[in-house]
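Chemist: Sequence:
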Amino acid sequence: MCPVSKARTAGIFSVAMVDVSKWPLFTLLSTQELASIRQACIFGASANEAIYITHDDEVYVLGLNCSNCLGIGDSQSTIVPKKLDSLTGKKLVSLSYGSGPHVLLATQEGELYAWGHNGYSQLGNGTTNQGVSPILVTTNLQNKRVTEVACGSHHSLALTHEGEVFAWGYNNCGQVGSGSTANQPTPRKVSNSLQNKVMVSIACGQTSSMAVADNGEVYGWGYNGNGQLGLGNNGNQLTPCRLIALQGLCVLQIASGYAHSLALTDEGLLYAWGANTYGQLGTGNKSNQLSPVQVMTEKERIVEIAACHSTHTSAAKTQSGQVFMWGQCRGQPIVLPHLTHFSSTDDVFACFAMPSVMWRLLSMEHDDFLTVAQSLKKEFDNPETSDLKFSVNGKYIHVHKAVLKIRCEHFRSMFQSHWNEDMKEVIEIDQFSFPVYRSFLEFLYTDSVDLPPEDAIGLLDLATSYCENRLKKLCQHIIKRGITVENAFSLLSAAIRYDAEDLEEFCFKFCVNHLTEVTQTAAFWQIDGNMLKEFICRASHCGAFKN
2 MCPVSKARTA
12 GIFSVAMVDV
22 SKWPLFTLLS
32 TQELASIRQA
42 CIFGASANEA
52 IYITHDDEVY
62 VLGLNCSNCL
72 GIGDSQSTIV
82 PKKLDSLTGK
92 KLVSLSYGSG
102 PHVLLATQEG
112 ELYAWGHNGY
122 SQLGNGTTNQ
132 GVSPILVTTN
142 LQNKRVTEVA
152 CGSHHSLALT
162 HEGEVFAWGY
172 NNCGQVGSGS
182 TANQPTPRKV
192 SNSLQNKVMV
202 SIACGQTSSM
212 AVADNGEVYG
222 WGYNGNGQLG
232 LGNNGNQLTP
242 CRLIALQGLC
252 VLQIASGYAH
262 SLALTDEGLL
272 YAWGANTYGQ
282 LGTGNKSNQL
292 SPVQVMTEKE
302 RIVEIAACHS
312 THTSAAKTQS
322 GQVFMWGQCR
332 GQPIVLPHLT
342 HFSSTDDVFA
352 CFAMPSVMWR
362 LLSMEHDDFL
372 TVAQSLKKEF
382 DNPETSDLKF
392 SVNGKYIHVH
402 KAVLKIRCEH
412 FRSMFQSHWN
422 EDMKEVIEID
432 QFSFPVYRSF
442 LEFLYTDSVD
452 LPPEDAIGLL
462 DLATSYCENR
472 LKKLCQHIIK
482 RGITVENAFS
492 LLSAAIRYDA
502 EDLEEFCFKF
512 CVNHLTEVTQ
522 TAAFWQIDGN
532 MLKEFICRAS
542 HCGAFKN
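Here this note's numbering = 1-based position in the sequence shown + 1.
Just to be clear, a hint being listed does not mean it is correct.
In silico DMTMM-like cross-links for lysine to aspartate or glutamate, where the CA-CA straight-line distance does not exceed 20 Å [as the list claims (entries may be wrong)]:
1) LYS406 x ASP382
2) LYS474 x GLU455
3) LYS300 x ASP267
4) LYS84 x GLU34
5) LYS396 x GLU410
6) LYS300 x GLU268
7) LYS534 x ASP500
8) LYS83 x GLU165
9) LYS190 x ASP267
10) LYS83 x GLU110
11) LYS547 x ASP529
12) LYS481 x ASP503
13) LYS510 x GLU535
14) LYS425 x GLU455
Hints were generated in silico from the structure; no laboratory data involved. A quick note: this is a predicted structure, and the numbers were derived from the prediction, not measured.
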């Protein structure tokens, strides 16, 4: 007996910290909007639609809105997030999408909502009218609590708390499991060989369906032209069939790609079968497999597998956190699992899947965990944890000796070489202004600088004195962005003074391009005579004074 829990097999959430800005649509959001996201999903034929849920349980959508798949009540696209008021306060536990696309969503209360493309009744409301806004699907689901949803291209599955599977929508290949190929307009319980079985997980390929029982058995039905049902043949199945080839194994997780399937056992073993045109089975060749074959046999224990019905990409994560990818990766066929630098299978789909959709509803819940970089940034100028203070113009800046030694050669020498400052709790600074020195210290904690161009000149001086070349480049970048006719000549003289050749050339060209305006500024006539002569001579060689 192989007991498999629903919570473990559902595979709904990611606990890894994933940067959602890797998906281009999310770059449209502000920093505040990104910080508000608790769950998110990118979907659509071209990964052009997004749905996200905030920490306040508000649901927002944005994107192209093909087939009304945003559920906003009309067919208009939007690059500004729009709230789905009817779903406010509903805690999501599962979300899936089809190719139309249509969207299915299950709430913590077990309610099932659907919207979007409905040409094959995949919304389950008994019609073929597109769902322009979320509708509650209730037919045959009264008093049932839906815990998981899955969508194929144009068909839908729902798993209930009791372990029952319901299916509806497009049924040309038997993917609804009803015993016929007639489309199913409303949810229908999938029975036959699933009768009296408790199912704990479901998945859909484009036109196929899979389910895992609580004893680890795997069942498949629907299209089987590429062997994606793993039955040893390529005949379609109108009702669920057990994968006999996996007998004796306890499957914990199932994942379906466009036309291939992956299974993960309780021993961390990975099996694959079905279409292999892009190497998505990871077998080292492009031959389809009609029955499950074990892959990644030389690798350590696998703890997670990933695939999505709209892609030919596969991914897996090992016990030590290594993430592998194979199949179609940005159009290139990778026939063997390739070790990536990613920490999450979700990143594989963000960066290499075509389209770059999410293979699951992604959760950003991470128990307020901070990365090392975030922790350092948070502790800058914190008097409670600091062990050193700098006094600049009568104001204190609180820092940590260890951080300064790690990040800056100047301080490493200061604190390790018997300088007077090494024994002090407060170090006086009088050669730089407070904004400049504070910005320098903050840079050591954050790798970033936020100063106006005029103050960046002072920071450039400091960076030159302390031999901080990266900081020097950042200062030059800030100054370039802030150059104006009024300050151009002052910035040019600063660039010359601090030996910043790239900045000097940039400022010089700006002054020449705006010569008449620049020569009428106060800064131009306050410059040292030798520097003024040098500028005029250099400008004349560039033809600045020709008619």
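Chemist: Tell me, which hint numbers fail for this structure?
Modeler: 5, 8, 9, 10, 11 and 14
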